[in-house]
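**Q** Read off the chains here:
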Amino acid sequence: MKLKYYLTRIHDFSAAHRLDSPALDAESNREIYDKCNNDNGHGHDYKLEVTISGQPDEKSGLIWPRAEFDRAINAVLQELDYRHLNREIEYFKKHISTGEEIICYLWQRLAQALPEGMLYHLKLWETNNNYFEFGRDL
Amino acid sequence: MDKNKQVTITRKFEFSASHRYWRDEWSAEKNEQVFGRCISTYGHGHNYELHVSVGGQVNPETGMIINLTDLKKEVNVVLEDFDHKFLNLDTPWFRELVPTTENVAAVLFRLIDERLNTYPLLRLERIRLYEKHDLYAEIRRAED
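Respectively, the protein sequence lines represent chains A and B.
Using the numbering used here, you'd call the opening residue of the first sequence number 1 and step up by one each time.
Using the numbering used here, you'd call the opening residue of the second sequence number 139 and step up by one each time.
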């Protein structure tokens with residue numbers, strides 16, 4: 001019986017953001033984004049589940065060495081940790097910092113940081129009560 | 139039987155075990171480079187959390203795909219050999235195979251699958267093995 005292997009590592013980062021679309025007027029922004037449109041922003045402890053897939057190396061028994069996996073994730077998340085996404089991260093000056101956009105950004109960055117084809121799935125928790133998913137499983 | 143009543147159920151289990159990542163044929167430097175802190179001489183341990191997901195048709199008489207008591211019994215037979223053991227030395231499976239999260243999960247998948255073979259309408263769909271709250275492996279069948 002052949003098996004498929006997946007490994008998931010969970011990291012977190014804390015960041016501020018504000019939801020405000022340049023395509024909408026101030027009133028519509030307030031109406032659509034409600035509390036998330038607060039002028040001075042607000043923040044979350046984001047939690048990210050990063051899943052890779054592949055056959056484990058025959059010798060090491062690992063899909064990818066843990067330390068290298070952690071380094072790749074940290075390199076991407078450290079840029080966001082303790083930042084205001086809209087004001088300090090170039091990507092979110094052009095993209096609205098919704099969970100949907102953040103997870104797409106993280107997918108692009110992590111796919112580059114990991115060996116080709118290894119990244120399988122992302123789950124981004126914005127609060128304990130909502131999460132976003134993106135990847136080859138959906 | 140309503141063929142559309144294909145359901146998956148999951149039950150959680152826990153066991154505690156120690157392990158060590160090491161390959162004899164590698165130098166100490168290479169072992170440390172690949173495995174990091176997991177090479178410590180006498181092993182270290184975890185409280186593993188195992189999620190076992192099985193799928194099957196709902197039996198119209200019982201309304202179940204398997205009695206959870208039976209599932210619990212079958213999985214616990216397997217886990218007896220893992221709980222409060224040093225996986226490298228106290229079990230036969232990790233003499234050649236390093237007991238990484240991936241490998242422990244794969245061995246558990248095969249052993250549990252074997253136990254469930256006596257339930258013809260049931261299929262082990264996947265297992266998820268948490269080694270810590272922030273690290274888990276998942277195993278599924280390749281033909282899916």
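You may find that some hints are simply not true.
[As the list claims (entries may be wrong)] Covered, in the sense of this in silico footprint (three residues per stretch, anywhere, with C-beta under 8 Å from a C-beta of chain A), are these stretches of chain B: (1) 191 to 203; (2) 237 to 249.
[What the hints assert, rightly or not] DSSO-like cross-link-like pairs, simulated, lysine-lysine; straight-line CA separation at most 30 Å: (3) Lys4/A to Lys210/B; (4) Lys210/B to Lys2/A; (5) Lys4/A to Lys270/B; (6) Lys59/A to Lys143/B; (7) Lys35/A to Lys211/B.
If you are wondering where the hints come from, they were derived from the structure by calculation, not from laboratory data.
Even for Gly, the Cβ is constructed at its ideal location relative to N, Cα and C.
**Q** Could you run down the list of hints and mark each one as holding or not?
**A** Against the structure, the hints:
no. : hint                : verdict
1   : 191 to 203          : violated (count 0)
2   : 237 to 249          : holds (count 9)
3   : Lys4/A to Lys210/B  : 24 Å, holds
4   : Lys210/B to Lys2/A  : 25 Å, holds
5   : Lys4/A to Lys270/B  : 21 Å, holds
6   : Lys59/A to Lys143/B : 42 Å, violated
7   : Lys35/A to Lys211/B : 50 Å, violated
Violation of the numbered hints given earlier is confined to hints 1, 6 and 7; the remaining hints are satisfied by the structure.
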